[in-house]
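Asks: Its first residue numbered 1, the sequence shown is counted upward by one per residue in the numbering used here.
In short, the hints are calculated from the structure, not lab data.
As the structure is a prediction and not an experimental result, all values here were calculated from the model.
Incorrect hints may have been included.
[Stated by the list, open to error] Okay, derived cross-link-like pairs now, DSS-like style, lysine-lysine, Cα gap no bigger than 27 Å in a straight line:
| no. | residue 1 | residue 2 |
| --- | --- | --- |
| 1 | K91 | K22 |
| 2 | K223 | K128 |
| 3 | K128 | K152 |
| 4 | K222 | K152 |
| 5 | K54 | K22 |
| 6 | K74 | K54 |
| 7 | K22 | K74 |
[Stated by the list, open to error] Computed beta-carbon distance windows for the label pairs:
| no. | residue 1 | residue 2 | range |
| --- | --- | --- | --- |
| 8 | V212 | E268 | 47 to 55 Å |
| 9 | P296 | K211 | 25 to 33 Å |
| 10 | I304 | R272 | 19 to 27 Å |
Note that beta-carbon positions come from the ideal geometry of N, C-alpha and C, so glycine has one too.
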Amino acid sequence: MPEEKKNTAIDLKNLKAGGFIKERGKDLFTVRLRVPGGRLPVGRLKKIAEVAEKYGQGMVHLSVRQSVELINIKFRDFDAVVAELGEGTQKVASCGARVRVPTACGGCEYNPNGLVDTQKSALEVDEKLFGTPTGHHKFKVGFAGCPFDCPKSATNDVGFQGAVWPVLFADHCIGCGLCAKSCTEDAIATGDNGKPRFIPANCLYCGDCLKVCPTEAWRAGKKGYTVRIGGKWGRRPLVGTLFAEFLPEDQVVDFIAAVLGWYQEKAEGQGRIRLGDVIRAQGPEALLTRLRERFPAFAVNATIAPQAIATQVGKEKQAHDNR
Numbered sequence: 001m002p003e004e005k006k007n008t009a010i011d012l013k014n015l016k017a018g019g020f021i022k023e024r025g026k027d028l029f030t031v032r033l034r035v036p037g038g039r040l041p042v043g044r045l046k047k048i049a050e051v052a053e054k055y056g057q058g059m060v061h062l063s064v065r066q067s068v069e070l071i072n073i074k075f076r077d078f079d080a081v082v083a084e085l086g087e088g089t090q091k092v093a094s095c096g097a098r099v100r101v102p103t104a105c106g107g108c109e110y111n112p113n114g115l116v117d118t119q120k121s122a123l124e125v126d127e128k129l130f131g132t133p134t135g136h137h138k139f140k141v142g143f144a145g146c147p148f149d150c151p152k153s154a155t156n157d158v159g160f161q162g163a164v165w166p167v168l169f170a171d172h173c174i175g176c177g178l179c180a181k182s183c184t185e186d187a188i189a190t191g192d193n194g195k196p197r198f199i200p201a202n203c204l205y206c207g208d209c210l211k212v213c214p215t216e217a218w219r220a221g222k223k224g225y226t227v228r229i230g231g232k233w234g235r236r237p238l239v240g241t242l243f244a245e246f247l248p249e250d251q252v253v254d255f256i257a258a259v260l261g262w263y264q265e266k267a268e269g270q271g272r273i274r275l276g277d278v279i280r281a282q283g284p285e286a287l288l289t290r291l292r293e294r295f296p297a298f299a300v301n302a303t304i305a306p307q308a309i310a311t312q313v314g315k316e317k318q319a320h321d322n323r
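Using the sequences plus the hints, can you model the full thing?
Replies: Written as structure tokens, this is what we have:
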């Protein structure tokens, strides 16, 4: 009997979900590698370079979300690429409607502005939630260690930003004025008694006052993450808005899981739709109510929907002028 012909059709959808992205060239793919928090040990980096040189024409691409991408990889070399990278050491990332690899800045390990351990948070989220199917669209998470927000956390579906709430122990204050001089947000003024006066409404939770105080009169009353939800980039970008403050680092995974569960429920039957668009349709109070039940000490009292960014500013005027 003639040998049965094997089906060698490539399921591009499943390949993409596993981090293998079709390129323009015939049988050529980009292989996206999993680099949570954007941090790579030198040994892994060397191995990636060797594999890229052997199978990918000696070039890699550094994605905007801190991944390393091997480009021009031939389909027939997939198994060899994965084997040589070492599946347990350097894993392939995911694409599609899943929780993506989290991004993060360096956090508080060596950055003097860092307030929280963003790298630890990113690794924990990657370990426990990476690749979770959403059923609807991509789901991105990002961590910034301080209000400078270098990773642009508010453009993620759930974005975390390090925060500290300063408390003044007046008995320890010597009235040097360093805190007021260092506060660029005018959240600290010098009172009539020569001591600092805190203006909470102006505070961005940066902790600069704690860092410059020579007597530790300023101390951390609360520390954790400011959380903004509903951000995305692309053709119709949104900026995520405030849903929680001073969320402890050890509750990050549970918080994301709660948001993800709400998203999966409310987006049912709507196809490819991002979290921010669901919040705008449902109203932010719908999600906030759920979060208040689970995280009553950290969910804010009120918020607004994710805000659209008008990237086509001027388009309406241009159309009017062309009439």
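Asks: Each of the hints needs a verdict: does it hold here or not?
Replies: Quick rundown of the hints versus the structure:
no.	hint	verdict
1	K91 / K22	holds, 18 Å
2	K223 / K128	holds, 23 Å
3	K128 / K152	holds, 23 Å
4	K222 / K152	holds, 23 Å
5	K54 / K22	holds, 19 Å
6	K74 / K54	holds, 11 Å
7	K22 / K74	holds, 10 Å
8	V212 / E268: 47 to 55 Å	holds, 51 Å
9	P296 / K211: 25 to 33 Å	holds, 31 Å
10	I304 / R272: 19 to 27 Å	holds, 25 Å
The structure agrees with every numbered hint stated previously.
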